[in-house]
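**Student:** Use the sequences and the hints to build the structure in full.
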Amino acid sequence: MTKTIRLTMAQALTRFLARQMTEIDGRKVPIFGGVWAIFGHGNVAGIGEALYQVRDELPTFRAHNEQAMAHAAIAYAKANFRRRFMAATSSIGPGALNMVTAAALAHVNRLPALFLPGDVFANRIPDPVLQQAEDFSDGTATVNDCFRPVSRYFDRITRPEQIIPALNRAMQVLTDPAECGPVTLALCQDVQAEAYDYPESFFAERVWHQRRPRPDRKELAAAVAALKGARKPLVIAGGGMLYSQASGELAKLVQGAGIPVCETQGGKSSLPDDHPLNMAAVGVTGTSAANRLAEEADVVLAVGTRLQDFTTGSWALFKNSGKTIIGLNVQPFDAGKHQALPLVADAAEGLAELGAALEGWKAPTAWTDNAARGKKDWQAEAGKVTASTNAAYPSDAQVIGAVQRAMGSGVILLHAAGGLPGELHKLWQAGAPGSYHAEYGFSTMGYEIAGGLGVKMAKPDEEVVVMIGDGSYLMLNSEIATSVMLGLKLTIVLLDNSGYGCINRLQMATGGANFNNLLKDAHHEVMPDIDFAAHAASLGAIAEKVSSIAGLETALAQAKKNARTTVLVIDTDPLVSTEAGGSWWDVAVPEVSVRPQVNAARKAYDEKRQMQKIGD
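Under the numbering used here, residues 135 to 750 are what the sequence shown spells out, in order.
Hints were generated in silico from the structure; no laboratory data involved.
Quantities reported herein were computed from a predicted structural model and do not represent experimental measurements.
Treat the hints with care, as some may be off.
What the hints assert, rightly or not - Cβ-Cβ distance ranges computed for the label pairs, FRET-style:
hint, residue 1, residue 2, range
1, Lys162, Glu313, 21 to 27 Å
2, Leu608, Pro333, 48 to 54 Å
3, Gly494, Gly749, 35 to 41 Å
For every residue, glycine included, the Cβ atom is placed at its ideal position computed from N, Cα and C.
**Tutor:** Here it is, written out as structure tokens:
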């Protein structure tokens with residue numbers, strides 16, 4: 135007879151999570167790094183009490199904002215290359231909906247996170263319960279249905295025994311390299327507290343390992359033949375490179391074959407910046423060295439990348455009409471994009487087998503030498519824009535230069551939305567794999583500080599530097615207080631350009647008037663005068679406003695020595711960005727307008743669209 139144990143559904147859930155393990159560097163560790171929780175009436179008595187019972191095995195962390203705690207959980211998974219992850223639980227209603235943006239972020243970036251929002255009563259007796267949004271035509275609908283399109287797997291638990299298949303399926307998705315993404319289990323609040331006789335075997339310890347599928351023989355042969363026929367081969371390294379921890383195999387392949395490499399936002403740091411074959415960033419925010427090669431390449435080996443529009447220049451970057459793209463990706467959906475030759479496999483396994491098959495073959499020396507000259511030219515350009523300055527309002531690039539000089543390439547640099555991603559993609563000199571942490575798949579304003587917290591939890595011995603604009607800071611800064619509370623030190627560099635400078639520049643570039651982006655151009659009675667340093671200090675951080683690039687470097691040197699989170703604020707110029715490098719990006723301009731500037735921008739836009747290789 136099957137042995138059982140009587141537990142509430144919530145108790146069964148938390149006990150199950152605590153027993154899931156993984157192996158990292160030969161050491162067995164819990165696969166869940168913990169649970170982020172903000173309790174309300176919809177989860178405090180159920181999952182809240184259950185988390186208390188397992189607090190020594192499965193730690194619970196308290197945050198100040200549900201979206202932020204979910205961002206921290208996602209950043210933790212990214213910093214762990216998807217080998218470990220976290221869960222996040224909230225009450226019904228606004229708490230749950232606050233996490234939907236984070237779920238979309240995880241979905242786009244193929245990152246594992248387990249969302250456990252409270253839900254309505256399954257028995258419907260107190261219907262409508264507090265915070266329930268009623269659908270007049272559907273009695274089964276709840277606000278948690280908003281998670282469906284941004285979850286890889288969604289389930290609503292309306293009976294206590296349903297948690298058994300739901301959690302098994304959740305773990306399969308969270309650990310699958312191709313299907314990996316967010317899982318949402320909406321927990322009806324009455325069911326959280328209902329008891330059931332669960333089989334003891336359900337709580338047996340289980341160790342999950344990273345699956346590494348090898349390539350199909352025919353797909354591999356086609357890819358090898360294409361590369362051997364190439365005169366101008368190029369590798370694009372995407373985020374899947376890092377998730378697979380394939381940097382060693384990449385270096386071995388390209389060094390043996392003399393193939394230059396460029397990196398997407400997600401793939402940056404696949405090779406160190408100083409590697410002679412690393413041309414750095416590609417695409418809309420790419421270097422001149424990488425983009426020039428991408429325009430000429432006849433074979434492009436795209437490894438672990440979604441080939442989104444910033445990488446491909448909205449389908450206009452790859453100009454060689456006879457080119458072949460090889461899509462090395464664990465997910466077939468991505469491997470076949472742009473009519474690519476698919477090579478469906480784990481990145482490390484695929485690169486290893488390609489390298490073995492290509493042994494003795496090398497790209498033409500002229501192509502490799504050409505790449506080296508382009509890299510040298512780009513480094514000279516980058517050095518100019520990141521050099522120190524006495525300007526009262528330095529550019530983002532000059533601030534980046536100061537951070538690089540003061541902190542070096544040994545830190546983990548984190549950023550997300552706004553103008554910084556473009557400048558950092560081009561200019562930051564990344565070191566070890568994973569040392570460059572960008573959230574540019576969903577480009578989520580407000581990810582930065584919460585994400586930095588998650589990275590620090592994953593890498594407590596590393597120096598974590600967060601670069602953020604004033605717009606993102608004002609959207610979501612609450613987890614400064616959490617970082618202080620948890621003793622997890624961050625160094626935050628806040629660039630204040632008094633508005634949304636990046637979008638303002640895009641507005642101007644598309645013929646628009648300066649409107650509603652910079653604070654001075656928004657409707658106002660009084661201009662805001664925000665003391666960011668005082669605000670950060672009120673949250674418990676060490677904070678300082680610096681007045682120059684030299685002052686920033688001095689303050690960063692001190693920040694290294696500080697024991698708790700430090701926020702350094704510097705005023706910057708909202709209108710200046712790096713002109714070198716980059717490629718066209720498709721941003722539609724109105725076909726008709728009463729303003730001549732817009733009509734001129736539309737004419738230029740129509741001309742640029744002719745570069746697009748539709749369906750290619």
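**Student:** Now tell me if each hint is right for this structure.
**Tutor:** Verification of the hints:
Between lysine 162 and glutamate 313 the Cβ separation comes to about 24 Å, which falls inside the hinted range of 21 to 27 Å. At about 50 Å, the beta-carbon gap between leucine 608 and proline 333 stays in the expected band of 48 to 54 Å. The given range of 35 to 41 Å is respected by glycine 494 and glycine 749, whose C-beta atoms sit roughly 36 Å from each other.
Checked against the numbered hints given earlier, the structure satisfies every one of them.
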